[in-house]
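K.L.:
Given next are the chains, with one letter for each unit.
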Amino acid sequence: MAAGLLIAGGATLVAGRSPDPAPVRIAAAGPAGQVGTGAPPSTAPTGTVAQLPLSPPVRLLIPRIGVDAPVQGVGLNPDGTVEVPPLERPEEVGWYREGPAPGQVGPAVLLGHYDTRKGPAVFNRLPGLRPGDRIDIRREDGGTVSYQVRELRQFAKNAFPTELVYGDTAGPQLRLITCGGTLAGNGHYTDNIIVLADPLPPGR
Amino acid sequence: MSATTSVRRTVRFALVSAGAAAAFALPGAVAFADGPAPVPASPSARPTAVPSVAPSASPTRPAPAPTEAAGSAQVRTVPKGGAQTGEAEAGGSSTVAVLLGTGLAVAGAAGAGLLVVRRRAGARS
Numbered sequence: 033m034a035a036g037l038l039i040a041g042g043a044t045l046v047a048g049r050s051p052d053p054a055p056v057r058i059a060a061a062g063p064a065g066q067v068g069t070g071a072p073p074s075t076a077p078t079g080t081v082a083q084l085p086l087s088p089p090v091r092l093l094i095p096r097i098g099v100d101a102p103v104q105g106v107g108l109n110p111d112g113t114v115e116v117p118p119l120e121r122p123e124e125v126g127w128y129r130e131g132p133a134p135g136q137v138g139p140a141v142l143l144g145h146y147d148t149r150k151g152p153a154v155f156n157r158l159p160g161l162r163p164g165d166r167i168d169i170r171r172e173d174g175g176t177v178s179y180q181v182r183e184l185r186q187f188a189k190n191a192f193p194t195e196l197v198y199g200d201t202a203g204p205q206l207r208l209i210t211c212g213g214t215l216a217g218n219g220h221y222t223d224n225i226i227v228l229a230d231p232l233p234p235g236r
Numbered sequence: 019m020s021a022t023t024s025v026r027r028t029v030r031f032a033l034v035s036a037g038a039a040a041a042f043a044l045p046g047a048v049a050f051a052d053g054p055a056p057v058p059a060s061p062s063a064r065p066t067a068v069p070s071v072a073p074s075a076s077p078t079r080p081a082p083a084p085t086e087a088a089g090s091a092q093v094r095t096v097p098k099g100g101a102q103t104g105e106a107e108a109g110g111s112s113t114v115a116v117l118l119g120t121g122l123a124v125a126g127a128a129g130a131g132l133l134v135v136r137r138r139a140g141a142r143s
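One line per chain: the protein sequences are A and B, in this order. Position 36 of the first sequence, counted from 1, bears residue number 68 in my numbering, the numbering being contiguous throughout. Position 37 of the second sequence, counted from 1, bears residue number 55 in my numbering, the numbering being contiguous throughout.
Do not rely on the hints blindly, as some may be mistaken.
Claimed, not checked - Keeping only pairs whose Cα atoms sit at most 30 angstroms apart, straight-line, the calculated DSS-like set for lysine-lysine is:
| # | chain 1 | residue 1 | chain 2 | residue 2 |
| --- | --- | --- | --- | --- |
| 1 | B | K98 | A | K150 |
| 2 | A | K189 | B | K98 |
| 3 | A | K189 | A | K150 |
To be verified - Now the stretches of chain A that chain B is said to cover, found in silico as 3 or more residues with beta-carbon under 8 angstroms:
| # | region |
| --- | --- |
| 4 | 85-93 |
| 5 | 214-220 |
In short, the hints are calculated from the structure, not lab data. Each residue gets a CB set at the ideal place from its N, CA and C atoms; glycine is no exception.
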């Protein structure tokens, strides 16, 4: 009996030991995309796309990875870092409202969790996006803005490419951000995965 | 005394008077130009011109640059660093398994110890 308990306990301990999760990496980089830092940012196409008036995004759709999620505005944390959607709502996407809205000239930035303690979150399959994939964003005014993935990039958080993500652009641009890399001791991932997308002409 | 002579005397007297007046006036004028005393007139004009222009010009000139830069940026406030968009899943279930396993192992060890004690006690008696 006692020996049975000992064996059962040992077996449970072995089974319960969660293996280190595999590093989260982007599946396919774009023309200039690559993991790491120091790579020069690729340039957005210079085609003319009409700018839309300000209207906050309300929903994000990425058909190829099954994303159909609500969007809420987020701002800054007291320490100056960007807010993310609350962990209690892992299906939600955050739009950085101190920047342009999708459809306006400039980098519209949307953020979503890769996962939470409860399981996969809204951007869990984001690293699997490929150049050319379509992204639709519904706006509060009822309109829809469509983008096309140009490339995926992955950077260590301590080498985050601020200018690439938040710098001025010649036309409307979209950036999707989630986590990647390996799990650090602080419970957070080491990297950020960034999807750069260009606007599609209306009607496409 | 002719009229001409009278005119000459008058002119000479006028010239002497003017010279005397100039002699009295000149020291004051010279002192006015380079002495430390000229507090009333020139100080009020000169010092106020210099400080009032310099300080007001230097702060107002650079001010528009940052304001314009901030206003023209597409992202009004740029966040610091990356985004904490993940915290890894499945922490809960493995923690439960570890606790359960530890409990079973402790119970097993206690049971084994109890058995040994009983056997020893039985062997003695």
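K.L.:
Decide, hint by hint, whether the structure agrees.
P.N.:
Evaluated hints:
| no. | hint | in the structure |
| --- | --- | --- |
| 1 | B:K98 - A:K150 | holds (28 angstroms) |
| 2 | A:K189 - B:K98 | holds (10 angstroms) |
| 3 | A:K189 - A:K150 | holds (23 angstroms) |
| 4 | 85-93 | violated (count 0) |
| 5 | 214-220 | holds (count 3) |
Violated hints amount to a single one, hint 4; each of the other numbered hints is respected by the structure.
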